Amino acid sequence: MGNYYSDVEGGKQAVGGVQQSPTATNNNNAGHNDAVEFFYRSRGLHQRFARVELSLSAINLRDRDIISKSDPMAVVYAKNIDGKLEELGRTEVILNSLNPTWIEKVTVAFQFEIVQPLVFHVYDVDTKFHNIPLKTLKLKDQDFLGEATCVLSEVLTKQNRSLTLNLRSKIGHVGLRNLGVLTIHAEETVALRRVVEMMLHCSYLDNKDIFSKSDPFLRISRIMESGGSIPICKTEVVNNNLNPKWKPLCLSVQQFGSKDNPLIIECFDFNSSGKHSLIGKLQKSVADLEKLQEGRSGENLTITSHHGHKKVLKGELFVDQFCEKEQYSFLDYVSCGFELNFLDYVSCGFELNFMVAVDFTASNGNPQNPDSLHYIDPSGQLNSYQKAIMEVGEVIQFYDSDRRYPAWGFGGKTFDGTISHCFNLNGSAGSFEVEGVEGNMSAYASALHNVTLAGPTLFGQVIKTAAQIASQYVSYNSKKYFILLIITDGVLTDLQETKDALVKASDLPLSILIVGVRGADFGQMEVLDADKGQRLESSTDRVATRDIVQFVPM
Amino acid sequence: MFSMASSTLEITVISGEDIRNNRKPVKKNAFAVIRTDSQPLCRTEMDKDGGSYPYWNEKHNVEIPQLARFITVEVQCKTSAGDKTLGMARIPVSDFVGGFVPQSYLHFLSYRLRNSNGERNGIINVSVKAKVPEYAASSCSSTATTIGVPFGKTPCYGGVVPGVPVGAPIMKQYYQG
Chain A
1 MGNYYSDVEG GKQAVGGVQQ SPTATNNNNA GHNDAVEFFY RSRGLHQRFA
51 RVELSLSAIN LRDRDIISKS DPMAVVYAKN IDGKLEELGR TEVILNSLNP
101 TWIEKVTVAF QFEIVQPLVF HVYDVDTKFH NIPLKTLKLK DQDFLGEATC
151 VLSEVLTKQN RSLTLNLRSK IGHVGLRNLG VLTIHAEETV ALRRVVEMML
201 HCSYLDNKDI FSKSDPFLRI SRIMESGGSI PICKTEVVNN NLNPKWKPLC
251 LSVQQFGSKD NPLIIECFDF NSSGKHSLIG KLQKSVADLE KLQEGRSGEN
301 LTITSHHGHK KVLKGELFVD QFCEKEQYSF LDYVSCGFEL NFLDYVSCGF
351 ELNFMVAVDF TASNGNPQNP DSLHYIDPSG QLNSYQKAIM EVGEVIQFYD
401 SDRRYPAWGF GGKTFDGTIS HCFNLNGSAG SFEVEGVEGN MSAYASALHN
451 VTLAGPTLFG QVIKTAAQIA SQYVSYNSKK YFILLIITDG VLTDLQETKD
501 ALVKASDLPL SILIVGVRGA DFGQMEVLDA DKGQRLESST DRVATRDIVQ
551 FVPM
Chain B
555 MFSMASSTLE ITVISGEDIR NNRKPVKKNA FAVIRTDSQP LCRTEMDKDG
605 GSYPYWNEKH NVEIPQLARF ITVEVQCKTS AGDKTLGMAR IPVSDFVGGF
655 VPQSYLHFLS YRLRNSNGER NGIINVSVKA KVPEYAASSC SSTATTIGVP
705 FGKTPCYGGV VPGVPVGAPI MKQYYQG
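Going down the list, the sequences are from chains A and B. Its first residue numbered 1, the first sequence is counted upward by one per residue in this note's numbering. Its first residue numbered 555, the second sequence is counted upward by one per residue in this note's numbering.
Derived from the structure by calculation, the hints contain no laboratory data. One or more hints might be untrue.
With a cut-off of at most 27 Å between alpha-carbon atoms, the simulated DSSO-like pairs for lysine-lysine come out as follows [as the list claims (entries may be wrong)]:
hint, chain 1, residue 1, chain 2, residue 2
1, A, 387, A, 504
2, A, 479, B, 578
3, B, 613, B, 602
4, B, 613, B, 685
5, A, 325, A, 275
6, A, 464, A, 135
7, B, 685, A, 480
8, A, 213, A, 311
9, B, 613, B, 638
10, A, 247, A, 387
11, A, 208, A, 247
12, B, 578, A, 504
13, A, 480, A, 464
14, B, 685, B, 632
15, A, 504, B, 632
16, B, 578, B, 632
17, A, 245, A, 213
18, A, 504, B, 613
19, A, 479, B, 685
20, A, 464, B, 581
21, A, 325, A, 291
22, A, 480, B, 602
23, A, 12, A, 84
24, A, 213, A, 247
25, A, 291, A, 275
26, A, 479, B, 613
27, B, 685, B, 638
From a predicted model like this one, the values you see are computed outputs, not experimental measurements.
With the hints as extra help, turn the sequences into a complete structure.
What follows is the structure, given as structure tokens:
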């Protein structure tokens, strides 16, 4: 039974782009595929598969909702030899549309030697999907709109790599005909990591609403060689504003191709009916946008009238900030030499589990002071510790099914007046877990109120606790691999104690990622990182079995 | 033949790194000897080509006395004057016993070798696994054997335990549940 009203708030969220809040993002195994791909690359093995991204769109879907239209979402499955379906990923939900073009792509590993049957299901999403991780949406609660099947190689061998299929009812059900068509477009992806972060705003936009102002959002699409365009992201909606300023947008090279590829930027007025009014558009490459930022100038939007006449509008787009950077994937850094590579564990089906430790030493500066590394900015700008926690959270959500993970602080004076080198960030005596990034962030914020920064900077206790957890899980015979993230500003006080703890932990399923904030002297960290081939030695002549530490300056 | 108070270990002597004879890299024919303080346990074959990075990868089952606290690994080579020890390392039994990992965990361990002058001389890589005893095959005559004691439930923390199944390695964490 269809819904009376669609979930408008859900439809206003930003989609696409690279950095998303964990609840809105839906990244479909991309993290796992990164890990597997890196595994092959790091061994110099010939890649026996190519990573392919599927973009989906549909036309003439059946209308299931009463007052508004269907809110469709597509789910992609691989069909195993025994006929069972295994979900590969799902798109986002599009509001009120019978002709959706989904932005969220589904990543599939195309293996040359085998036949890969794919099954696509389209659903009309009934339940509220605002702030719910899309992958937890129960499909049986949604209305089924149609199914299509094909083999992956069919899509790749078609001209334009696009395959259009008729949607039908599930096999065995007597159903309606004419459920619409689904188009699948495939593109091979390259695991590049350069990203571009921009802050955009518009001024003097036309008013498309009658009783209030426009609610503008931007949609950025990439132009294909065939002439069509594929949306790569959209910003969030700014309500009631003709001079909107959007949150920073992050695009990866994967998404826009090269900096010279032309992109279409469309500015729409959001309508809860799903039929958004185009305010204006322009065509710019990423390089052009960079020039706009440098010149601090704007570019006028245009609109094409019915007669095909292109009218230049008063509305302009400005690029306030433009920044190109390497986006670090933490998985790239958790690589080890010697006997056991953590990816050996992942490829054998080990589950990744994260642990976080935050530096509460006085060298960070008094948290009340805006210069402090622990300063919580009321405007919402994240400090380095918060950024690191967010980025870890994005990776964790792909791997850690229950989203609960241990979080500690070290080097601070806790409520009872003693300095602890491993205290529970959530302030609890019994449990060290936080729930998701939100839990981690709020535990961090409240710890800043309850803990006095002290010192010295010692990692040994945290490493020992992490090693203890990792070895306990070994005994439960569960396949878990642990990654401890230590976020610190600084200079280690007892390098040898840290080395001893690391050496002792070096043959456990554990990797340690040290994220260094601010530009402190990280010479010691580089010693621990042992990338120059010097294995760490303990004070008792034991040598590390493998290099379990990676150091990443933030 | 089982002795009353010993534990069985499966030791794989894997390889050595940067081992020198009088500061010059070893040319060939290095081998490793494993022993406790009192008796030899096993030795590997000579690595004919390995030079100063010998590779043996030989698995040996050895028994160590239950009270032993170290096992010693020596890398030696043949000289005209007999077998010469190039480097030695002492492996504390506590490095593969105790802690929270299960008794049968395969530990990969590496140690700094030191020559007779105490100078650093390369690294030795081994793996060690404590063998769970096979009660059915046990040929001991102790009446203290209790077959079927659920591991981890006996409330004893370290030290010698009367009534412990014969041949079972006395591993502290074994009893910590």
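Against the structure, the hints:
With a C-alpha separation of about 30 Å, the suggested pair residue 387/A and residue 504/A falls outside the 27 Å cut-off, and the hint is violated. Among the hinted pairs, residue 479/A with residue 578/B is inconsistent with the structure: their alpha-carbon atoms are about 45 Å apart, more than 27 Å. For a cut-off of 27 Å, the pair hint linking residue 613/B to residue 602/B stands: about 18 Å separates their Cα positions. A hinted pair counts as satisfied when its Cα atoms are at most 27 Å apart, and residue 613/B with residue 685/B qualifies at roughly 13 Å.
For the hint pairing residue 325/A with residue 275/A, the CA-to-CA distance comes to about 36 Å; that exceeds 27 Å, so the pair is violated. The straight-line distance between the Cα atoms of residue 464/A and residue 135/A is roughly 35 Å, outside the 27 Å bound, and the hint therefore fails. For the proposed pair residue 685/B and residue 480/A, the alpha carbon gap of about 24 Å is at most 27 Å, so the pair holds. Between residue 213/A and residue 311/A the alpha-carbon distance is near 21 Å, which keeps this suggested pair within the 27 Å criterion.
With a CA separation close to 23 Å, the supplied pair residue 613/B and residue 638/B stays within the 27 Å bound. Between residue 247/A and residue 387/A the CA atoms are separated by roughly 15 Å; this keeps the pair inside 27 Å, and the hint holds. About 22 Å separates the Cα atoms of residue 208/A and residue 247/A, which keeps this hinted pair within 27 Å; it holds. For the proposed pair residue 578/B and residue 504/A, the alpha carbon gap of about 31 Å is over 27 Å, so the pair is violated.
Distance hint between residue 480/A and residue 464/A is fulfilled; the C-alpha atoms sit about 17 Å from each other, no more than 27 Å. For the proposed pair residue 685/B and residue 632/B, the alpha carbon gap of about 32 Å is over 27 Å, so the pair is violated. A threshold of 27 Å between alpha carbons decides the hint, and for residue 504/A with residue 632/B the separation of about 34 Å lies outside it, so the pair is violated. For the hint pairing residue 578/B with residue 632/B, the CA-to-CA distance comes to about 15 Å; that is within 27 Å, so the pair holds.
Among the hinted pairs, residue 245/A with residue 213/A is consistent with the structure: their alpha-carbon atoms are about 15 Å apart, no more than 27 Å. Under the criterion of a C-alpha separation no larger than 27 Å, the hint pairing residue 504/A with residue 613/B is consistent with the structure, at around 23 Å. Simply put, residue 479/A and residue 685/B have alpha-carbon atoms about 22 Å apart, close enough for the 27 Å limit, and the pair holds. For the suggested pair residue 464/A and residue 581/B, the alpha carbons sit about 41 Å apart, so the restraint of at most 27 Å is broken.
About 17 Å separates the Cα atoms of residue 325/A and residue 291/A, which keeps this hinted pair within 27 Å; it holds. Between residue 480/A and residue 602/B the alpha-carbon distance is near 40 Å, which puts this suggested pair outside the 27 Å criterion. About 35 Å separates the Cα atoms of residue 12/A and residue 84/A, which puts this hinted pair outside 27 Å; it is violated. At most 27 Å may separate the alpha-carbon atoms for a hinted pair to count; residue 213/A and residue 247/A meet this at roughly 19 Å.
Taking the CA atoms of residue 291/A and residue 275/A, the gap is near 33 Å; set against the 27 Å cutoff, the hint is violated. Restraint check for residue 479/A and residue 613/B: the C-alpha separation of about 26 Å stays at or below 27 Å, so the hint holds. The straight-line distance between the Cα atoms of residue 685/B and residue 638/B is roughly 31 Å, outside the 27 Å bound, and the hint therefore fails.
In summary, the structure is inconsistent with hints 1, 2, 5, 6, 12, 14, 15, 20, 22, 23, 25, 27 from the numbered list given earlier, while agreeing with the others.
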